[in-house]
Amino acid sequence: MSTTEHSEFIDSDTGKLGMWLFLFTELFLFGGLFIVYAVMRSKYAADFHQAALELNVFVGATNTVVLLVSSMTVAMSLTAIQQKRAGKAMGLLFITLLLAGVFMVNKYFEWGHKFGLHLYPGSDVMKSLPHGEIMFFGLYFMMTGLHALHVIIGGVLLTIVIFKIKSGKINAEHYLLQENGALYWHLVDLIWIFLFPLLYLVT
Amino acid sequence: MTNSSTSEPLNYLNHKTGLWSWLSSTDHKRIGLMYMYTITIFFCTAAILGLLMRIEKLTPGQTIMTAQTYNGMFTIHGIIMIFIVVIPGLAAVFGNFFLPIMIGAKDVAFPKLNLFSWYVFIAGAMLGLYSQFANGHSPDTGWTFYVPYSASASSNVVIALTAAFVLGFASILTGLNFIVTIHRMRAPGMTWFRMPLFPWSLYATAWIQLLATPIVGITLLMVIAERTLHIGFFDPALGGDPVLYQHLFWIYSHPAVYVMILPAMGVVTEIFPTFSQKPVFGYVPIVFSSLAIALVGYFVWGHHMFTSGISYESRWFFSFLTFLVAIPSAIKVFNWLSTMYGGSVDLKPPLLFAISFIFLFTIGGFTGLTLGSLATNIQLHNTDFVVAHFHYIIFGGMGFAFFAAIHYWFPKIYGRMYNFKWANISWGFLFVGFNLLYFPLFVMGIQGMPRRYFDYDPKFQTGEMLSTIGAFILIIGLIIMISNLVYGSRRGAIAPANPWHGVTLEWQIPSPPPHENFDEIPVITHEPYRFDHPYTK
Numbered sequence: 001m002s003t004t005e006h007s008e009f010i011d012s013d014t015g016k017l018g019m020w021l022f023l024f025t026e027l028f029l030f031g032g033l034f035i036v037y038a039v040m041r042s043k044y045a046a047d048f049h050q051a052a053l054e055l056n057v058f059v060g061a062t063n064t065v066v067l068l069v070s071s072m073t074v075a076m077s078l079t080a081i082q083q084k085r086a087g088k089a090m091g092l093l094f095i096t097l098l099l100a101g102v103f104m105v106n107k108y109f110e111w112g113h114k115f116g117l118h119l120y121p122g123s124d125v126m127k128s129l130p131h132g133e134i135m136f137f138g139l140y141f142m143m144t145g146l147h148a149l150h151v152i153i154g155g156v157l158l159t160i161v162i163f164k165i166k167s168g169k170i171n172a173e174h175y176l177l178q179e180n181g182a183l184y185w186h187l188v189d190l191i192w193i194f195l196f197p198l199l200y201l202v203t
Numbered sequence: 001m002t003n004s005s006t007s008e009p010l011n012y013l014n015h016k017t018g019l020w021s022w023l024s025s026t027d028h029k030r031i032g033l034m035y036m037y038t039i040t041i042f043f044c045t046a047a048i049l050g051l052l053m054r055i056e057k058l059t060p061g062q063t064i065m066t067a068q069t070y071n072g073m074f075t076i077h078g079i080i081m082i083f084i085v086v087i088p089g090l091a092a093v094f095g096n097f098f099l100p101i102m103i104g105a106k107d108v109a110f111p112k113l114n115l116f117s118w119y120v121f122i123a124g125a126m127l128g129l130y131s132q133f134a135n136g137h138s139p140d141t142g143w144t145f146y147v148p149y150s151a152s153a154s155s156n157v158v159i160a161l162t163a164a165f166v167l168g169f170a171s172i173l174t175g176l177n178f179i180v181t182i183h184r185m186r187a188p189g190m191t192w193f194r195m196p197l198f199p200w201s202l203y204a205t206a207w208i209q210l211l212a213t214p215i216v217g218i219t220l221l222m223v224i225a226e227r228t229l230h231i232g233f234f235d236p237a238l239g240g241d242p243v244l245y246q247h248l249f250w251i252y253s254h255p256a257v258y259v260m261i262l263p264a265m266g267v268v269t270e271i272f273p274t275f276s277q278k279p280v281f282g283y284v285p286i287v288f289s290s291l292a293i294a295l296v297g298y299f300v301w302g303h304h305m306f307t308s309g310i311s312y313e314s315r316w317f318f319s320f321l322t323f324l325v326a327i328p329s330a331i332k333v334f335n336w337l338s339t340m341y342g343g344s345v346d347l348k349p350p351l352l353f354a355i356s357f358i359f360l361f362t363i364g365g366f367t368g369l370t371l372g373s374l375a376t377n378i379q380l381h382n383t384d385f386v387v388a389h390f391h392y393i394i395f396g397g398m399g400f401a402f403f404a405a406i407h408y409w410f411p412k413i414y415g416r417m418y419n420f421k422w423a424n425i426s427w428g429f430l431f432v433g434f435n436l437l438y439f440p441l442f443v444m445g446i447q448g449m450p451r452r453y454f455d456y457d458p459k460f461q462t463g464e465m466l467s468t469i470g471a472f473i474l475i476i477g478l479i480i481m482i483s484n485l486v487y488g489s490r491r492g493a494i495a496p497a498n499p500w501h502g503v504t505l506e507w508q509i510p511s512p513p514p515h516e517n518f519d520e521i522p523v524i525t526h527e528p529y530r531f532d533h534p535y536t537k
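Here the protein sequences come in this chain order: E and B. Counting from 1, one number per residue, gives the positions in the first sequence under the working numbering. Counting from 1, one number per residue, gives the positions in the second sequence under the working numbering.
Everything labelled a hint here was simulated from the structure, so no lab data went into it. It is possible that some hints are incorrect.
[As the list claims (entries may be wrong)] Lysine-lysine pairs mimicking BS3-like chemistry, simulated, CA-CA at most 27 Å apart: (1) E:K88 / E:K16; (2) E:K43 / E:K114; (3) E:K16 / B:K278; (4) E:K166 / E:K88; (5) B:K112 / E:K164; (6) B:K348 / B:K278; (7) E:K169 / E:K88; (8) B:K112 / B:K16; (9) B:K112 / E:K169; (10) E:K166 / B:K278; (11) B:K106 / E:K16; (12) E:K169 / B:K106.
Fair warning: this is a prediction, and the values are worked out from it, not measured in the lab.
Let the hints inform the model, and build the full structure from the sequences given.
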């Protein structure tokens, strides 16, 4: 065995344990925002009710379905690679990316609509609102913004996975990166599962 | 590339040479040293800032700097010392170097991630430095970045916040790496309760790093959003709540104190058995007290906010939990003392530093209880008493443990020995200087001298002057110690593989360790700290 470099190989259970721990930290990152949400909601229950009516439940529900389906396709692609069907795995990942794109486009129109109404932090319209509504929209932009950032990071990660499947570096024996990418994608989904009711449904 | 032209046996230091071989190395030992050199440079910088602050306070009124400069200086001193020096300190330096060796592994679980986290750390440190110089005025919020001031202060607060965020990310990655390493990389036969206690303390630390740091990460992001987007979470004018910031900040920053002190406890727990040639007293209680400190320490943050207007119920609750943390800490102190009792105590420099750790940590701990009591807290909050208390814990505790660690593991790291006489002299200067610097602050704090003040009532002149003299003695001690160590690393006598007759795994391999630590992975058949085992004779 060569003594010039440490082994490059990371065993799959080790790699997954690392990923799970990282996902914990992500949950805690959003956890900080959930705490702020809880505090503000209990302080300004009526304003939160009023502000939440402003959000479009249909768009939110569509995005929820889109993300849930994308979580399914990413899981299916993992099964496909384990069954040595690299082409199918890449196709499913591509669908996942497309769904991520649909989610982001919806988000873009949603945010755009708010900006059209001058409902964004720091705007004069926003400053004229009751305190609780300012907090609600602040949380809305902060939470969905941070979540959208995670969608983008997850998308980049899955794109890398597609290229690695293409080059054969990810295959039926070694698919740790794909597994971790899928775990990350599930996290993106999971966070949204919390954001959707908190922001859109609980009014 | 192996360098076979040298006559020395190959080890991690000489198997490859050149700057790039260091900057691209995924070897945990080299990464540990890179952390050590970086941290030392930042430590010296911030120590000099501390000295300048002390010189300013030599006389009442303006001595050498304006009030604004002073505000910037204690902020920079705090940011560097807390986020760049003390939080990563022991774990990133000695944890990186010795954790894999002590559990019988060739490296950490994710070597590349380890190198990456060093670069993230450097990026954060550089941002921190940049925040001090950009636009000609440094942040002046104190290292705690309290809103509403930090949301409106016209200084480089956003850059400093970003720096702290990035440094937090590096800390998370190190913690993650250590947890996985300890779970997955232990040598065959090394069960959890055969693991030495320094790795145990790193394990408890790593969980805090992992579970607490993201909270401060999101909090700092919220302050950044507050400043750049006027989002208003902490701004009462928009409906926000400044006390909420304090909660979120201390949810991380109090556990961060345990990130600093737990590895320090781990270090001295290694030193006492070795220099007493006696098994550690109460291995299992030490393990569980580490875990208990990590667990309970997570829930005491409110004691920073007794005067911030939180409810009476939450005040007594946080006060009660604060007293609870003292119990596992005290268990450790009694275990260390009992380890020495009846052993063949050999007062070499590492033990000298470790014993002074107990002394200083105990003072810091007891004064912590004074601050944790609701009645006395009202009097002492935001006085110099607090400054003295946390310097006794952080510098007297973590700092002296760092000095103990470097004197303990120095022969293993460099394969050479430093000069004992000069090490003892430097200890004398450090110990005397430290106490002279910080003890008067307890007294002045009780008398009502507020912290973070640039000026003071002339009645405090004597105490302030004594403290400044102490600062000079401390700096002299630092210069002697660092010179002695630097000289020792280059010209010191060649050290044997096991100069202290230690029994943990790092002492069973050559000094300096070979590139991959072990030729073959050892098989562990018994608990650590058995001084009767044949290979120690």
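Going through the hints against the structure:
1. Between E:K88 and E:K16 the CA atoms are separated by roughly 23 Å; this keeps the pair inside 27 Å, and the hint holds.
2. Taking the CA atoms of E:K43 and E:K114, the gap is near 24 Å; set against the 27 Å cutoff, the hint holds.
3. Distance check on the hinted pair: E:K16 and B:K278 sit about 40 Å apart at the alpha-carbon level, beyond 27 Å; violated.
4. At most 27 Å may separate the alpha-carbon atoms for a hinted pair to count; E:K166 and E:K88 meet this at roughly 11 Å.
5. For the hint linking B:K112 to E:K164, the alpha-carbon distance of about 19 Å falls within 27 Å, and the restraint holds.
6. Among the hinted pairs, B:K348 with B:K278 is consistent with the structure: their alpha-carbon atoms are about 16 Å apart, no more than 27 Å.
7. A threshold of 27 Å between alpha carbons decides the hint, and for E:K169 with E:K88 the separation of about 16 Å falls inside it, so the pair holds.
8. For the hint pairing B:K112 with B:K16, the CA-to-CA distance comes to about 18 Å; that is within 27 Å, so the pair holds.
9. A C-alpha spacing of about 18 Å is found between B:K112 and E:K169, which places the hinted pair at or below 27 Å, so the restraint holds.
10. Only pairs whose Cα atoms come within 27 Å are accepted, and E:K166 paired with B:K278 is rejected, the gap being roughly 59 Å.
11. Restraint check for B:K106 and E:K16: the C-alpha separation of about 20 Å stays at or below 27 Å, so the hint holds.
12. Between the alpha carbons of E:K169 and B:K106 the distance comes to roughly 25 Å, so the proposed pair stays at or under 27 Å and holds.
Going through the hint list in order, the structure does not satisfy hints 3 and 10.
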